[in-house]
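Participant: Read off the chains here:
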Amino acid sequence: MSRIDVRKTSKLYIGGAFPRSESGYSYAVNDARGRFVANAALASRKDARDAVVAARKAFGGWSTRTAYNRAQVLYRVAEVMEDRRPQFVEAVRQAEGLNESRAARVVDEAVDRLVWYAGWADKITQVTGNANPVAGPFFNLSTPEPTGVVAVLAPQASSLLGLVSAVAPVVVTGNTAVVVSSYDRPLPAVTFAEVLATSDVPGGVVNILTGSAATIAPWLASHMDVNALELVGLAGDAALAALATELEVAAAENLKRVRRAPAAEPDWTADPGLAAMTAFLETKTVWHPIGV
Amino acid sequence: MTPTPTSRAFEYAPAPESRAVVDIKASYGLFIDGEFVDGRGTSFKTVNPATEEVLSEVAEANDADVDRAVKAARRAHDRVWGPMPGRERAKYLYRIARIIQERGRELAVLESIDNGKPIRESRDVDVPTVAAHFFYYAGWADKLEYSGYGSTPLGVAGQVIPWNFPLLMLAWKIAPALACGNTVVLKPAETTPLTALLFAEICQQADLPPGVVNIITGAGDTGRALVAHPGIDKVAFTGSTDVGRAIARQVAGTTKKVTLELGGKAANIVFDDAPVDQAVEGIVNGIFFNQGHVCCAGSRLLVQESVADEVLERLKRRMSTLRLGDPLDKNTDIGAINSAEQLAKIRELSEIGEREVSGAGERWAPPCELPATGYWFPPTLFTGVTQAHRIAREEVFGPVLSVLTFRTPAEAVEKANNTPYGLSAGVWTDKGSLILHMANRLRAGVVWANTFNKFDPTSPFGGYQESGYGREGGRHGLEAYLKGTQA
Amino acid sequence: MTSTSLPTTPGPGSGAAAAAAFADVTRSDASLRRFLHGLPGVDQVGAEARAATLGTRSIKTTAKAFAIDLAIRMVDLTTLEGQDTHGKVRALAAKAMHPDPADPSCPMTAAVCVYGDLVATAREVLGDSGVHVAAVATAFPSGRASLGVKLADVRDAVEAGADEIDMVIDRGAFLSGRYLDVHDEIVAVREACRRPDGTDAHLKVIFETGELQTYDNVRRASWLAMMAGGHFIKTSTGKVQPAATLPVTLVMLEAVRDFRDATGQMVGVKPAGGIRSTKDAIKYLVMVNEVAGQDWLDPDWFRFGASTLLNDLLMQRTKMTTGRYSGPDYFTLD
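Protein chains in written order, with our numbering: chain H, 1 to 292; chain S, 1 to 487; chain P, 1 to 334.
Nothing false has been slipped in among the hints.
Taking lysine-lysine pairs in the DSS-like style, the calculated list, with each CA pair at most 25 Å apart, reads: (1) Lys91/S x Lys123/H; (2) Lys57/H x Lys284/H; (3) Lys316/S x Lys330/S; (4) Lys71/S x Lys256/S; (5) Lys8/H x Lys46/H; (6) Lys239/P x Lys279/P; (7) Lys431/S x Lys415/S; (8) Lys123/H x Lys454/S; (9) Lys46/H x Lys11/H; (10) Lys57/H x Lys239/P; (11) Lys330/S x Lys60/P; (12) Lys284/H x Lys431/S; (13) Lys483/S x Lys71/S; (14) Lys279/P x Lys60/P; (15) Lys330/S x Lys319/P; (16) Lys330/S x Lys279/P; (17) Lys316/S x Lys345/S; (18) Lys123/H x Lys483/S; (19) Lys25/S x Lys45/S; (20) Lys454/S x Lys330/S; (21) Lys45/S x Lys345/S.
Keep in mind that the hints were calculated from the coordinates and are not lab data.
Just chain H, same shape as in the assembly (with noise of 0.2 Å):
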């Protein structure tokens, strides 16, 4: 008789913990093959409002900590993932229907996104930041801050990879993030979760919840304690992609950064640039005289 596994409950995570959903629901997942997998928590409107609490408690420390922390953090992440290699490739392989080689190139990738992305939290200032010549006896100096609390639509299509290049590049300047999943490929998320939670990540910074974007979105675009939208989550979706106005709409009424999608979801192995960090960043500049 061979051995029964025990098998996984997937959880939401918020302020640290792995609660289920307020509302009791859960939906199953299925592989590429259309096969059962799991049931995940289908996070409600409930849980989308918690875990903006959650985020914009943990916004004051996050943002704070030196930068060099938080890239000793980020890089921290970065080697349990790599330590958790192969449960990562089984569960990219059987969201995303990959072959083993293919799944492993893909968390490869991913931690070495994790990577860059946590070496950029001491540098973003010093290349997107200055001094300005001003006209007259001023010290007069330009720096990047974080905006607060950003809602983000991860990728619906790739799992991992995108996941991670949506959420680093929010959180290693500062920013704290609620994040709701692919739908249909939500399982990578939840392992993902459970790596920030023994990563030194502080409750909060990063709050995953499995689920629905089109029923959460429209909360999180109109939650006035919200500073900012990441909408990748949307692109490649037809059905998806009509929201793309509505959510635009309510989060004009607090002048929410949006960052549209792209039609389809870019090439996630490419360079992704500054703009994914720099959306989320205000820049502050600072007045002095300089005299006796």
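Given chain H's structure and the hints, the job is docking chains S and P onto it.
Facilitator: Chains S and P only, in chain H's frame:
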């Protein structure tokens, strides 16, 4: 410093850091092409300056050794490290940074034994900053196209470093060089080779490809041979202005790029509205940290005349609580002078200083019991110093502070700048505009306001004029190791 | 050591001497403000760095044993709860006299600190053991009541037998710049501490540094309290976070040191609240030693306002004498 025995006296019992974590071999070879090999020249001894005990016998690389090392670096650059994508180079540097953190205690203890600096400083300042430096530059390796300096390395760098911050100076040289795709041949100072040799072991633990880092121990001749070698593209040197000049002459007419980080005689300027207790800490930190063996040391205190007496009184009282002694005692503030040679220089200049100020000022040190063996010098200050005195102009490179006064900001600027050096300066005042006014006018590569001796891998460091050229640290620190965007 | 005798009264002259020296300064709100704001500023980063560096001192073996015993002798063993009863105070007082039931050589604490209406109970138990009775007063902890009520609070406690009074300053007045009001209130409380026989209960002035927020304010409050004749300056009530911190205490130690340089008079320092471990307590003692100097290393000039600290000191003391780590079952809760 020598406590008055009363029933209230709080005597700190000895709190020695254990030496057990460190394993010093009887002898060391050279680290070339990924392994330790025998040198073909002679050897020399390295000594613990606190006890004068011989620690180890170290190979002295001769011309043939230097040649071998440069060739190994060239092969590694051309075949492995140069073609390697930045993101893979980055991961090697991250590994090295992690191992430095993991072996941090061992490195700190070894540094204190070989250099003489207090374990508290090597543990809390040197080693963490070393790890941070490797972490920072690791993160540039795959982002050079954002640096503003292009992404093409120079090739092979020959690097010569001093004895005052052996491992930290190694990190300042190797981390940016490797991040940019160069390979290196590095010569540590002859009195402090051991942490560089342990670093070589760390490179092996990180599986760094052979030849990317080569460590060749030796003294002046080895350094000259390295700088002169036609096979290197870049020279990086930190040390005395005299040697820096010699190197600048040596590379003249070649295509070698060179950066130099040399001496200083920094002014630490205290205004009458300074936060006085923190200013006193800053003065003490500025000149007595690392026994004053710091190129950017605040060795000239320029105190506004109206508060000079008060500041001096507080300074003397504060100096009386400094603890001098065994570098491995966790409560030691002032460790040993690095070598007999350096001690002789400090003594000589101090005797000159004493003669120079007699009548106008005094030579003062808190009462201090110096251990019987080893090289020691008490924290000392000279008052009544003026710009004409040698102890106001020449770098002592020891725990010796020259105190001068000034009346106005303009006078402070004038006196501070009245030197061929230009490495660093300190300004203490509660007035923001004055800080910025002074910072604008002080001819120094680093200006510390209401703080001193602060270092960070993101913050560029380097001097004006005879303090050298080029910057280490930050985005600007990449320039020295890249070809640049010009043809 | 002087801790076994009643508090030495500084003498009727010395409080007056300080007051006279600063009569010019305290003549008006404006001149007091000019004086306080003319004191040298405190750089936050520098002050915190110095406190942190002092915290790296490694105090072991004989030094640690010395520090632990000294710390025990400096504890003002405290209970300040709405639910305090006579029973609770009796137990606390008994513990103050015999902190370690297993070891009679363990020194007594400096004092017990209780609310004014429980002073008599504490006095009864402590007798002439040498452990002092300190009472909080002046509408502790908020200080929000009329001056008449606050002074009556003090007089009651003094009459009931308090050796020491821990008052709170009016933070509202301080933060709105009414420095002279704060000063005069301290002077009035000091007068209310006078007993019919001419002796004084010792006055500790609590700043509630967590509410003052900046180190500059703490320096100013320190000078204000010392000029008004306080015997001790104290960080906190323990009811507001943050309570005592190393850097805040550093600034206060610098102030008492400077005050003595200026006037010849010593004032004590008491950090209170949040000091829970022996390690913390030793850091404070190192700071006293290196910042103010060893004259302050005495219960007459330095106290810890604490409750759980005592048991940790006792556990560490036991470990040093027996070589074994101890556990809570071996020490009394009170």
